[in-house]
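> Next come the chains, spelled out residue by residue.
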Amino acid sequence: MTCGSLLNPDYPLFASAAALFPFETAVGTNGVLWLRGSTLRQTIALGRALGAVDAGDCRPEDVAAFMGKMDLGGEEDESR
Amino acid sequence: MPAAQESVVGTIVARHGEGYRVDIGGAHMASLDALAFENATKRNRPNLKVGPSVAISSCASPESPPSSRSNTWVTGAGTRLSSLSHLTCLAPLPVQVGTVVYARVSLANRDMEPELECFAAESHKAEGFGELKDGGMLVSCSLQMARSYVPHFLPNSAAVRTLIR
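Line by line, the protein sequences are chains A and B.
Position 24, counted from 1, in the first sequence is what this note's numbering calls 24; the numbers after and before it change by one each time, with no gaps.
Position 20, counted from 1, in the second sequence is what this note's numbering calls 20; the numbers after and before it change by one each time, with no gaps.
So that you can see chain A by itself, here it is in the shape it has in the complex (with noise of 0.2 Å):
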């Protein structure tokens, strides 16, 4: 995975991750990305998902399947 892929709206990775919660995003082309989701469990499973699919250990395209074996917690969030 790289960054510029991110800015493909082609590419599978946030419209698949998007189908399980909202967040949001900034792609850097500088090689980071800022991400963010309603609740730091969210954002945590997302930060974990980009980081497998750069390994390889995941498609782009599975990431909801991935993210949904993570603990997500409710809608509410103790943390925030």
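Please note that the accuracy of each hint is not assured.
Unchecked claim - Which residues of chain A face chain B? A partial, calculated answer using Cβ under 10 Å:
| # | residue |
| --- | --- |
| 1 | Gly4 |
| 2 | Pro12 |
| 3 | Leu20 |
| 4 | Val32 |
| 5 | Leu40 |
| 6 | Ile44 |
| 7 | Leu46 |
| 8 | Gly47 |
| 9 | Gly51 |
| 10 | Val53 |
Claimed, not checked - Part of the chain B face toward chain A, derived, beta carbon under 10 Å:
| # | residue |
| --- | --- |
| 11 | Ala3 |
| 12 | Ser7 |
| 13 | Ile24 |
| 14 | Glu38 |
| 15 | Ala103 |
| 16 | Phe119 |
| 17 | Ala121 |
| 18 | Lys125 |
| 19 | Ala126 |
| 20 | Gly128 |
| 21 | Ser142 |
Stated by the list, open to error - Every beta carbon over 12 Å from chain A, so not counted as near; a handful from chain B, in silico:
| # | residue |
| --- | --- |
| 22 | Pro2 |
| 23 | Thr11 |
| 24 | His16 |
| 25 | Glu18 |
| 26 | Pro52 |
| 27 | Val105 |
| 28 | Glu113 |
| 29 | Glu122 |
Don't read these hints as lab results, they were simulated from the structure.
All figures in this text were calculated on a predicted structure; none of them were measured in a lab.
All C-beta atoms in this analysis are idealised placements derived from N, C-alpha and C, irrespective of residue type, glycine included.
Take the given structure of chain A and dock chain B to it, following the hints.
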């Protein structure tokens, strides 16, 4: 080495007279004028927090041994992670980290430090650029091909910024 008009994500690492120094992961720190924000005036400047250059901690995933891979990540100041028992986050968090900004490289020259601006070149509106909220997370990823993929793009909205050709 950034190129002009590229969008970058950077961390505020220091404050100087008229602006900030921003770590954008290049060989040099970039400079960001305090007035290079939408609606910024001499009297109304953004107040950005200053933090260490990179706050790195390693975060091991539950299904892999910690040694096999680690990601660098940064969280906004003051977020609490102790309740997340399903993730093994090992290192302690820094007390304060610098504000993360989404900015456009306005000047890139081999012999000068890059300069950033937090508004769109044409409209002078924010258009998604600017300070990114606390509680976010920074992920680094490989950047090869980044420029060849995208000859020209603009940030879209505050929601999900995607490429517009």
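> Can B:Lys125 be said to touch chain A, with a Cβ gap under 10 Å?
The hint is violated - B:Lys125 has no Cβ within 10 Å of chain A, the shortest such distance being about 16 Å.
> Could you check if B:Ser142 really has its C-beta closer than 10 Å to a C-beta on chain A?
holds, 5 Å
> Check the non-interface label on B:Pro2: least C-beta distance to chain A beyond 12 Å or not.
Its Cβ does come within 12 Å of chain A, the nearest being 6 Å, so this is violated.
> Was the hint right that B:Phe119 lines chain A, CB cutoff 10 Å?
violated, 15 Å
> Was the hint right that A:Pro12 lines chain B, CB cutoff 10 Å?
violated, 13 Å
> Using 10 Å as the Cβ threshold, decide whether A:Gly4 counts as touching chain B.
holds, 4 Å
> Non-interface claim for B:Val105: all C-beta distances to chain A beyond 12 Å?
violated, 9 Å
> Please verify that hint: B:Ala121, Cβ, nearest Cβ of chain A, below 10 Å or not.
Violated, about 15 Å.
> Is the nearest Cβ of chain A still more than 12 Å from the Cβ of B:His16?
holds, 21 Å
> Measuring Cβ to Cβ, find out whether B:Pro52 lies farther than 12 Å from everything in chain A.
At roughly 15 Å from the nearest Cβ of chain A, B:Pro52 sits farther out than 12 Å, so the non-interface label holds.
> Quick one, is the B:Gly128 hint okay against chain A at 10 Å, beta carbons?
For B:Gly128, the interface hint holds, since the closest Cβ of chain A sits about 7 Å away, which is under 10 Å.
> Let's test the interface hint: is any C-beta of chain A closer than 10 Å to that of B:Ala126?
violated, 12 Å
The structure fails hints 2, 3, 14, 16, 17, 18, 19, 22, 23, 27 (numbered hints given earlier, in ascending order).
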